[in-house]
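Q: Sequence:
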Amino acid sequence: MSHQNEVSLIELFNVISSSNSDLVHSYLKIHDFEYNYELDKEQIKVSELNSYKNLLEHMVTELSPSQTSGFYLGFKLKDQANTQFDLLKVANETVVNIEFKSDEPEKEILSQASEHHRILSMAFNRIIVLEHLATTDELFCYDSSNKKMVRVPYNRLKDIIPNDSTGLNKLIKMTRSDFLVAPYNEPQKFLKSSYQLTTNQNDIKSAILKSGKGMSMIKGGPGSGKTLLLVDIVRELQSKGFSIGMVMGAKPSSGQKLLMEKMGVSLYWYYNLSSLEPLLDKDVLVFDETQRITQNIIEEVKKLTSDKIVVFSIDQQQVVHPDEKDREVQNQLEDIIDDKQIYELKQSVRINPELNSFYNRLLDKKYRGAQFSTFDNAAVRYFNDENDAKTYIQSKRDSGSVVIESDEYITQSTNRKTRKKQVQVSENTKDVIGQEFRDVLLVFDQYVDYDEDGQLFVKNHGYYPYYDEKMIFQAITRASNSLEIVILNNLELYINLQGLLTRSRDSHKKNLDKKNELKEQVKSLKLRVDELEHQLAEYKS
1 MSHQNEVSLI
11 ELFNVISSSN
21 SDLVHSYLKI
31 HDFEYNYELD
41 KEQIKVSELN
51 SYKNLLEHMV
61 TELSPSQTSG
71 FYLGFKLKDQ
81 ANTQFDLLKV
91 ANETVVNIEF
101 KSDEPEKEIL
111 SQASEHHRIL
121 SMAFNRIIVL
131 EHLATTDELF
141 CYDSSNKKMV
151 RVPYNRLKDI
161 IPNDSTGLNK
171 LIKMTRSDFL
181 VAPYNEPQKF
191 LKSSYQLTTN
201 QNDIKSAILK
211 SGKGMSMIKG
221 GPGSGKTLLL
231 VDIVRELQSK
241 GFSIGMVMGA
251 KPSSGQKLLM
261 EKMGVSLYWY
271 YNLSSLEPLL
281 DKDVLVFDET
291 QRITQNIIEE
301 VKKLTSDKIV
311 VFSIDQQQVV
321 HPDEKDREVQ
331 NQLEDIIDDK
341 QIYELKQSVR
351 INPELNSFYN
361 RLLDKKYRGA
371 QFSTFDNAAV
381 RYFNDENDAK
391 TYIQSKRDSG
401 SVVIESDEYI
411 TQSTNRKTRK
421 KQVQVSENTK
431 DVIGQEFRDV
441 LLVFDQYVDY
451 DEDGQLFVKN
461 HGYYPYYDEK
471 MIFQAITRAS
481 NSLEIVILNN
491 LELYINLQGL
501 LTRSRDSHKK
511 NLDKKNELKE
521 QVKSLKLRVD
531 ELEHQLAEYK
541 S
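Under the UniProt record's numbering, the sequence shown has 355 at position 355, and the numbering climbs by one with no breaks.
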């Protein structure tokens with residue numbers, strides 16, 4: 001919590017040295033940045049805190065009082081659920097991160113240090129990441145130039161730790177979007193290298209570049225960073241003089257066209273590509289959103305000679321048409337690519353965890369794997385009047401939200417529109433596949449509902465060649481920061497989604513009501529006991 005007190009290492013050392021669990025618990029209530037007050041539970045385990053003792057003793061001995069002040073304990077970056085810092089101290093453009101390890105392999109320590117350095121470098125110019133190994137009482141500093149851990153003698157700490165402390169406001173205000181770049185929507189930001197790959201992305205990039213000619217596959221879910229990694233690999237290969245052709249499984253946006261033009265890459269949309277003939281003279285072929293590419297192109301891919309570098313980015317779950325599902329492009333490619341050249345990005349780096357939990361519960365009312373129960377970045381609006389809804393949506397669009405709706409469809413035989421948009425200025429879902437936007441707004445009409453199993457679905461109201469639910473999934477997962485749903489003439493759905501948004505508050509109220517009910521029962525029982533004791537006293541007398 002942002003109001004928690006700064007940590008003095010001298011005080012912290014005294015608290016740990018006391019070996020008093022009540023004192024430690026009280027201390028963490030004041031200083032643990034992520035203390036859970038609802039459960040009255042600290043984020044940092046007492047056993048873990050005890051492992052800090054050896055290093056703290058060295059620091060208290062070597063540092064001045066001002067150097068030991070101004071630290072923060074257990075801070076987590078907003079929207080970055082897996083990024084926690086044991087100790088942080090900020091002094092203007094300098095940040096010191098100290099991590100404590102009991103006994104972990106060197107590779108894991110290096111991986112964490114590299115990841116923390118990557119994230120902090122997006123906000124500060126001078127980053128110092130220290131790792132303390134409790135089993136050997138050794139201190140290491142991350143060398144970002146050589147990507148290795150270097151042992152540091154304790155008497156050097158006085159030259160490393162700053163005297164000043166300017167607080168964590170800079171980090172507290174940052175969101176996940178500040179650490180990322182969407183190459184197709186922010187081409188200039190990408191070209192200026194205003195981003196850093198995650199450790200996982202860097203490892204995959206190195207492996208693909210090292211493998212040279214042949215086929216490689218990058219797979220992962222929405223927001224896992226496939227596109228950023230793919231385009232970063234393209235830029236690396238282009239800088240080495242390779243000629244590159246790119247095939248998109250989604251309609252190229254203006255930003256993507258600009259980016260590829262600046263990078264000298266020949267860009268093709270699979271829809272306008274009858275064969276690979278225009279790309280066969282290229283040294284490198286890359287395919288993005290490969291799961292949507294047609295079978296004739298895939299057959300040509302299978303016949304490519306091994307003298308080219310071929311890289312695929314794919315997620316078989318992100319299909320919107322039955323033919324795409326039936327083709328099972330990912331399975332076809334996995335049959336012809338060496339297992340060692342198939343890489344997976346397992347964690348979402350774009351969609352904040354809260355939003356990820358929300359859309360999982362939105363799509364499935366019975367979903368139990370959600371990490372969050374409060375959704376500050378999700379909103380639901382209700383309108384009876386279509387014109388009022390359009391006015392509101394236009395105002396949100398004017399303020400920067402991207403409105404996305406399923407594509408309209410007109411039957412070829414009858415020329416009848418079986419799907420229409422509620423807002424003509426909205427983006428087509430199929431046109432934004434592979435892209436991402438900070439704030440997204442969707443429109444749900446009277447045909448959106450939940451089935452008996454709690455799954456969100458769209459009632460059949462005319463022929464539509466695409467999966468309605470997959471189109472909704474695509475639209476939802478374009479949002480990186482916030483999602484707003486405008487509901488038009490569908491009261492039942494609105495009440496369902498209201499229940500989703502207020503679930504934790506409703507649960508808290510139920511618990512409070514139950515608690516009050518039990519208190520009244522106890523009060524009543526006490527009165528009854530008093531009455532019985534009074535009757536017993538009268539009987540004895």
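FYI, nobody ran anything at the bench for these hints, they're computed from the structure.
Since the model is a prediction, treat every value here as computed from it, not as a measurement.
Do not rely on the hints blindly, as some may be mistaken.
Derived DSS-like pairs (lysine-lysine); straight-line CA-CA distance at most 25 Å [claimed, not checked]:
(1) Lys340 / Lys303
(2) Lys158 / Lys53
(3) Lys189 / Lys107
(4) Lys107 / Lys76
(5) Lys257 / Lys205
(6) Lys213 / Lys189
(7) Lys107 / Lys29
(8) Lys540 / Lys519
(9) Lys470 / Lys421
(10) Lys29 / Lys189
(11) Lys470 / Lys365
Q: Mind listing which of the numbered hints don't hold for this structure, in increasing order?
A: Hint check: 3, 6, 7, 8, 10 fail, others pass.
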